[in-house]
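Below, each chain spelled out in residue letters.
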Amino acid sequence: MSTQETHDHGHGDGHAHEPQSFLSKYIFPLDHKMIAMQYLFTGMAMALIGGFTVYVFRMQLAFPGAHVPGFGMVSPDRYNMLVTSHGTIMIFWVAMPVLIAALGNYLIPLMIGADDMVFPRINRLSYQIFLLSALVLISSFFVTGGAFGGAWTAYPPLSARGDYNATGLGSSLWLVAVALEFVAFLLGGINFITTAMNARAPGMKLTDIPMVVWMIVLASIMFMASVGPLVAGAIMLLFDQQLGTAFFDPNRGGDPVLWQHLFWFFGHPEVYVVLLPAMGIVAEVITTFARKKLFAYKTVLYTAAATGIIGFFVWAHHQFIAGIDPRMASLFTITTLIISVPVAEMLFVYIATLYGGSIRLTTPMLWALAFIAEFLLGGVTGIFLGAAGSDIYFHDTYFVVAHFHYTFFPIAFIATFAAITYWFPKMFGRMMDERLGKIHFWITIIAFNFIFIPLFLTGAAGDHRRIYNYQHFPEQWTPTLQNLRILATYALLVMIAAQVIFFVNFFKSLKSGPKAEKNPWKANTLEWVAPSPPPHGNFEEMPTVYRGPYEYGHPDRELDYWPQNEPA
Amino acid sequence: MYERFFTAASTYARDIDYLILLILVCVGFGFIVAEIVFFGFIFKFRAQDGVKTQYVTGEEKSQKKWVSMPHYLVLVLDVLIVIGALKVWSDIKIEMPEPDAKIRVIGQQWAWSFVHEGADGKLDTADDIRTVEELHVEVNKTYHFLLEARDVLHSFSVPAFRLKQDAVPGRVITGWFKATETGTFDIQCAEICGVGHGIMAARIIIDSPEDYAAWVKKGGPTAFWAASNVKAPGAAKAAIDAPTPTLTANNAAPLPQ
Numbered sequence: 033m034s035t036q037e038t039h040d041h042g043h044g045d046g047h048a049h050e051p052q053s054f055l056s057k058y059i060f061p062l063d064h065k066m067i068a069m070q071y072l073f074t075g076m077a078m079a080l081i082g083g084f085t086v087y088v089f090r091m092q093l094a095f096p097g098a099h100v101p102g103f104g105m106v107s108p109d110r111y112n113m114l115v116t117s118h119g120t121i122m123i124f125w126v127a128m129p130v131l132i133a134a135l136g137n138y139l140i141p142l143m144i145g146a147d148d149m150v151f152p153r154i155n156r157l158s159y160q161i162f163l164l165s166a167l168v169l170i171s172s173f174f175v176t177g178g179a180f181g182g183a184w185t186a187y188p189p190l191s192a193r194g195d196y197n198a199t200g201l202g203s204s205l206w207l208v209a210v211a212l213e214f215v216a217f218l219l220g221g222i223n224f225i226t227t228a229m230n231a232r233a234p235g236m237k238l239t240d241i242p243m244v245v246w247m248i249v250l251a252s253i254m255f256m257a258s259v260g261p262l263v264a265g266a267i268m269l270l271f272d273q274q275l276g277t278a279f280f281d282p283n284r285g286g287d288p289v290l291w292q293h294l295f296w297f298f299g300h301p302e303v304y305v306v307l308l309p310a311m312g313i314v315a316e317v318i319t320t321f322a323r324k325k326l327f328a329y330k331t332v333l334y335t336a337a338a339t340g341i342i343g344f345f346v347w348a349h350h351q352f353i354a355g356i357d358p359r360m361a362s363l364f365t366i367t368t369l370i371i372s373v374p375v376a377e378m379l380f381v382y383i384a385t386l387y388g389g390s391i392r393l394t395t396p397m398l399w400a401l402a403f404i405a406e407f408l409l410g411g412v413t414g415i416f417l418g419a420a421g422s423d424i425y426f427h428d429t430y431f432v433v434a435h436f437h438y439t440f441f442p443i444a445f446i447a448t449f450a451a452i453t454y455w456f457p458k459m460f461g462r463m464m465d466e467r468l469g470k471i472h473f474w475i476t477i478i479a480f481n482f483i484f485i486p487l488f489l490t491g492a493a494g495d496h497r498r499i500y501n502y503q504h505f506p507e508q509w510t511p512t513l514q515n516l517r518i519l520a521t522y523a524l525l526v527m528i529a530a531q532v533i534f535f536v537n538f539f540k541s542l543k544s545g546p547k548a549e550k551n552p553w554k555a556n557t558l559e560w561v562a563p564s565p566p567p568h569g570n571f572e573e574m575p576t577v578y579r580g581p582y583e584y585g586h587p588d589r590e591l592d593y594w595p596q597n598e599p600a
Numbered sequence: 002m003y004e005r006f007f008t009a010a011s012t013y014a015r016d017i018d019y020l021i022l023l024i025l026v027c028v029g030f031g032f033i034v035a036e037i038v039f040f041g042f043i044f045k046f047r048a049q050d051g052v053k054t055q056y057v058t059g060e061e062k063s064q065k066k067w068v069s070m071p072h073y074l075v076l077v078l079d080v081l082i083v084i085g086a087l088k089v090w091s092d093i094k095i096e097m098p099e100p101d102a103k104i105r106v107i108g109q110q111w112a113w114s115f116v117h118e119g120a121d122g123k124l125d126t127a128d129d130i131r132t133v134e135e136l137h138v139e140v141n142k143t144y145h146f147l148l149e150a151r152d153v154l155h156s157f158s159v160p161a162f163r164l165k166q167d168a169v170p171g172r173v174i175t176g177w178f179k180a181t182e183t184g185t186f187d188i189q190c191a192e193i194c195g196v197g198h199g200i201m202a203a204r205i206i207i208d209s210p211e212d213y214a215a216w217v218k219k220g221g222p223t224a225f226w227a228a229s230n231v232k233a234p235g236a237a238k239a240a241i242d243a244p245t246p247t248l249t250a251n252n253a254a255p256l257p258q
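Just so you know, the protein sequences line up as chains X and B, in that order.
Numbered per this note's numbering, the first sequence spans residues 33 to 600.
Numbered per this note's numbering, the second sequence spans residues 2 to 258.
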């Protein structure tokens, strides 16, 4: 794109913001929307890498020892690298940047009626550090020994010594990448919280803030409160690896279980850090397409806050059998089951929101509804693992894998697709193709269930995780179980193939989709007041807020929606 | 694959199965009701011409009860599950019955080795029987196992017993089991422990008192792997191109007589 075109664009919208060069608009932007796009596209690119790794290792599980097209033979050390990279990338470099950073950056200023983030330069720095972290992680694939192969939880002593994990340099780069990435999101989190609290449009009370903004703010607070121990832990582990300290080395007075506490003190709240923004997206989409006021706004807010607080007291349920004092299991079983109450209540509120609505099954609505339907299964299967007694059997089996994919896939992909299809007209000023969108939706959802329901069964039958080949376990090496593994792999291939439809739809609509009006979905929140796409500076006239975000079907009005900025 | 739920070879295996069943009934009930209501609403309230949406704030008591009632139901079911889960947990992991015998279980990259009491009925004496990748126990006898790890974390898992416990280097973790039927079952490592994690298999051989006495008298391991058509874990290990120095070190570790 030439500089001239970007100038025209800037002038055409007649906004006071300075015209920008290509470099300052696309490479070093200060505009929150462009930073959001950088996060979004980086996240999508990382999802391709994460998707490739799962393709390779699921092929190995279905056809052990076979040549995997596009990769080759999967040796046990490669297998460990692939599962480690898959987990790390999908959680830290896909779910986090897309759900929190991309959507937070894009939506918060637009939805609260601000012209940008309060700290645009910190925002830019946040992305640059994030990009650096991604590059460090990718570079670890190419060093001697290869990428880290000690699982995404990186338990020492395995992760602490090159002669245990065979990937000495890879494991250090992995730690550096993770620590850098956390710095990036800390910077982003500061920005989100400050912006949402200080830069709201005149008239916007705390209870007028759209739910997705609240959720991202709560998630950022949780992230900032939980990440400290893990960053400290990561530095300690890095010292153990490179400087010969002994924080986690039992031979010299260290304690490997300490790392598990530091990791899961962050790791479990992290689940809710990504869950909450997904819940927020679903709230926006279902209210818009059911034309319904959100059922009990404050209840949703309180349950989200309760989830956030209780989420800090459940971490040791990952460690029931890790050698912690068995009496601690009582406490953590109770807290873990208590957290099912606010999360279940949030889902009940969403289901109640549908009552009496006028539901239009557009593509974003299908994704949002699928989130509720699938996440419910992810939630209830967690009870088997949170209950200490049954966790003895299920711990570290494929039951766990299936359970957290039933939570993480809805969060990181289903909710993200809901968000992309819902806000695409705003982001790019064009509509997406509904037909392609629905084909993509149905294939993805059906394939998803065919991947993970078989894995619940293999897990219940005793398949442990991170095993590259079950031939050595006579009880697991049975035709029935192997057929289930093959079924899951075939379903995965179908699901990966279906993503081509998404990319076709995305780029085709980006180029030649029908032009979107300002408010194509007839929604209430402030981002729909700005032009599509919004120029640098967002609004033609800064909005004033008169009411809450979910005034659909108000009895005093002819129209079934009531934008937040429309004077009474 | 459902044989897993029929093979219960330890005293507490069935307790865990019944707990799983209890949870399945509780959450299954909630799950099915929630999904039925959810899909029912989607069907009933689909957009229809001339039908205006209802304006429900959800802030009034009469409306809130529709989410607070299921919320209390969840709480009641949670209490039920907590009681069951902690009862089972406490029986398996906290309350240790008096042992009839002790065994030492050692995990290392990438093999399980076991130390059995010899004819003198004591551990750590000269006539201990040491084996690699096969554990012999006597049916209907309470065992305490002393679990150690030489290098990294491992996890001692016997699915037929519903038993799993991580082994932590630097600690000796004690647990117990009592086998209820004779037979041969898998032992797996359930915690990723490096390149050879997937081949860290072993077998537990539960003998009748007579067979066990004969085995002890013989004072050595049986030839389970030779008799089976499954490749022995040790044999598979040779296929890995000695990726780490520890592999060599392990090969030098004490092997059975």
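It should be emphasised that the hints constitute simulated quantities derived from the structure, not laboratory data.
Incorrect hints may appear among the rest.
Some but not every residue of chain X turned toward chain B, in silico, with C-beta under 10 Å [to be verified]: (1) Ile123; (2) Thr176; (3) Ala231; (4) Gly235; (5) Leu238; (6) Gln351; (7) Glu377; (8) Val381; (9) Ala384; (10) Ala492; (11) Glu549; (12) Met574; (13) Tyr578; (14) Pro587.
Cut-off 27 Å, straight-line C-alpha distance, at most; resulting in silico cross-link-like pairs (DSS-like, lysine-lysine) [what the hints assert, rightly or not]: (15) X:Lys554 to X:Lys543; (16) X:Lys470 to X:Lys550; (17) B:Lys62 to X:Lys550; (18) B:Lys142 to X:Lys237; (19) X:Lys554 to X:Lys540; (20) B:Lys219 to B:Lys179; (21) B:Lys62 to B:Lys88; (22) X:Lys470 to B:Lys53; (23) B:Lys53 to B:Lys65; (24) B:Lys53 to B:Lys66; (25) X:Lys470 to X:Lys554; (26) X:Lys330 to B:Lys179; (27) B:Lys66 to B:Lys88; (28) B:Lys103 to B:Lys219; (29) B:Lys65 to B:Lys88; (30) B:Lys218 to X:Lys330; (31) X:Lys237 to B:Lys65; (32) B:Lys219 to B:Lys88; (33) X:Lys543 to X:Lys470; (34) X:Lys470 to X:Lys57; (35) X:Lys547 to X:Lys237; (36) B:Lys65 to B:Lys142; (37) X:Lys330 to B:Lys123; (38) X:Lys57 to X:Lys554; (39) B:Lys179 to X:Lys554; (40) X:Lys470 to B:Lys45.
Each residue gets a CB set at the ideal place from its N, CA and C atoms; glycine is no exception.
A quick look at each hint next to the structure:
Interface restraint check: X:Ile123 against chain B, minimum CB-CB distance 17 Å, threshold 10 Å, status violated. Because the smallest distance between the Cβ of X:Thr176 and any Cβ of chain B comes to about 12 Å, over 10 Å, the interface hint for this residue is violated. The interface hint given for X:Ala231 is broken, as the beta carbon of that residue sits about 28 Å from the closest beta carbon of chain B, more than 10 Å. Checking X:Gly235 against chain B: minimum C-beta separation of about 20 Å lies over 10 Å; hint violated.
For X:Leu238, the interface hint is violated, since its Cβ never comes within 10 Å of a Cβ in chain B; the closest pair sits about 16 Å apart. Checking X:Gln351 against chain B: minimum C-beta separation of about 8 Å stays under 10 Å; hint holds. Given hint, X:Glu377 at the interface with chain B, holds; its Cβ is 5 Å from that chain's nearest Cβ, closer than 10 Å. Interface hint at X:Val381: satisfied, since its Cβ lies 6 Å from the closest Cβ of chain B, which is below the 10 Å cut-off.
With a least beta-carbon distance of about 6 Å to chain B, the hint placing X:Ala384 at the interface is held under the 10 Å criterion. Evaluation of the X:Ala492 hint against chain B yields a held restraint, the C-beta minimum of about 7 Å falling below 10 Å. Of the supplied interface hints, the one on X:Glu549 is violated, with its beta-carbon coming no nearer than about 20 Å to a beta-carbon of chain B, more than 10 Å. Annotation: X:Met574 was flagged as interfacial toward chain B, and the flag is violated, the nearest CB pair being 29 Å apart, outside 10 Å.
Among the interface hints, the one on X:Tyr578 is violated; its C-beta lies about 17 Å from the nearest C-beta in chain B, farther than the 10 Å criterion. Annotation: interface hint on X:Pro587 holds; nearest CB of chain B at approximately 5 Å, less than 10 Å. Distance restraint check for X:Lys554 and X:Lys543: the Cα-Cα separation of roughly 24 Å lies within the 27 Å cut-off, and the hinted pair is therefore satisfied. Using a Cα cut-off of 27 Å, the hinted pair X:Lys470 and X:Lys550 holds, with the two alpha carbons roughly 23 Å apart.
Distance hint between B:Lys62 and X:Lys550 is unfulfilled; the C-alpha atoms sit about 38 Å from each other, more than 27 Å. Straight-line distance between C-alpha atoms of B:Lys142 and X:Lys237 comes to about 68 Å, which puts the hinted pair past the 27 Å bound. Between X:Lys554 and X:Lys540 the CA atoms are separated by roughly 24 Å; this keeps the pair inside 27 Å, and the hint holds. Using a Cα cut-off of 27 Å, the hinted pair B:Lys219 and B:Lys179 holds, with the two alpha carbons roughly 23 Å apart.
For a cut-off of 27 Å, the pair hint linking B:Lys62 to B:Lys88 is broken: about 38 Å separates their Cα positions. The hinted pair formed by X:Lys470 and B:Lys53 meets the criterion: a straight-line CA distance of about 26 Å does not exceed 27 Å. The hinted pair formed by B:Lys53 and B:Lys65 meets the criterion: a straight-line CA distance of about 22 Å does not exceed 27 Å. Annotation: proposed proximity of B:Lys53 to B:Lys66 holds, straight-line Cα distance about 24 Å (limit 27 Å).
For the proposed pair X:Lys470 and X:Lys554, the alpha carbon gap of about 21 Å is at most 27 Å, so the pair holds. Our distance criterion of 27 Å between C-alpha atoms is broken by X:Lys330 and B:Lys179, whose separation comes to about 53 Å. For the proposed pair B:Lys66 and B:Lys88, the alpha carbon gap of about 33 Å is over 27 Å, so the pair is violated. For the given pair, B:Lys103 sits about 19 Å from B:Lys219 by alpha-carbon distance, which is consistent with the 27 Å threshold.
For the given pair, B:Lys65 sits about 35 Å from B:Lys88 by alpha-carbon distance, which is inconsistent with the 27 Å threshold. Using a Cα cut-off of 27 Å, the hinted pair B:Lys218 and X:Lys330 is violated, with the two alpha carbons roughly 73 Å apart. Under the criterion of a C-alpha separation no larger than 27 Å, the hint pairing X:Lys237 with B:Lys65 is consistent with the structure, at around 23 Å. Between B:Lys219 and B:Lys88, the direct Cα distance comes to roughly 41 Å. Violation of the 27 Å bound is thereby established for this hinted pair.
Proposed proximity of X:Lys543 and X:Lys470 is supported: the alpha carbons are some 20 Å apart, at most 27 Å. Taking the CA atoms of X:Lys470 and X:Lys57, the gap is near 34 Å; set against the 27 Å cutoff, the hint is violated. A distance of roughly 33 Å separates the Cα atoms of X:Lys547 and X:Lys237; the hinted pair therefore is violated under the 27 Å criterion. Restraint check for B:Lys65 and B:Lys142: the C-alpha separation of about 56 Å exceeds 27 Å, so the hint is violated.
A C-alpha spacing of about 65 Å is found between X:Lys330 and B:Lys123, which places the hinted pair above 27 Å, so the restraint is violated. Under the criterion of a C-alpha separation no larger than 27 Å, the hint pairing X:Lys57 with X:Lys554 is inconsistent with the structure, at around 30 Å. Our distance criterion of 27 Å between C-alpha atoms is broken by B:Lys179 and X:Lys554, whose separation comes to about 66 Å. Pair hint X:Lys470 plus B:Lys45 holds up; C-alpha atoms about 21 Å apart against a cutoff of 27 Å.
Checked against the numbered hints listed earlier, the structure breaks hints 1, 2, 3, 4, 5, 11, 12, 13, 17, 18, 21, 26, 27, 29, 30, 32, 34, 35, 36, 37, 38, 39; every other hint is satisfied.
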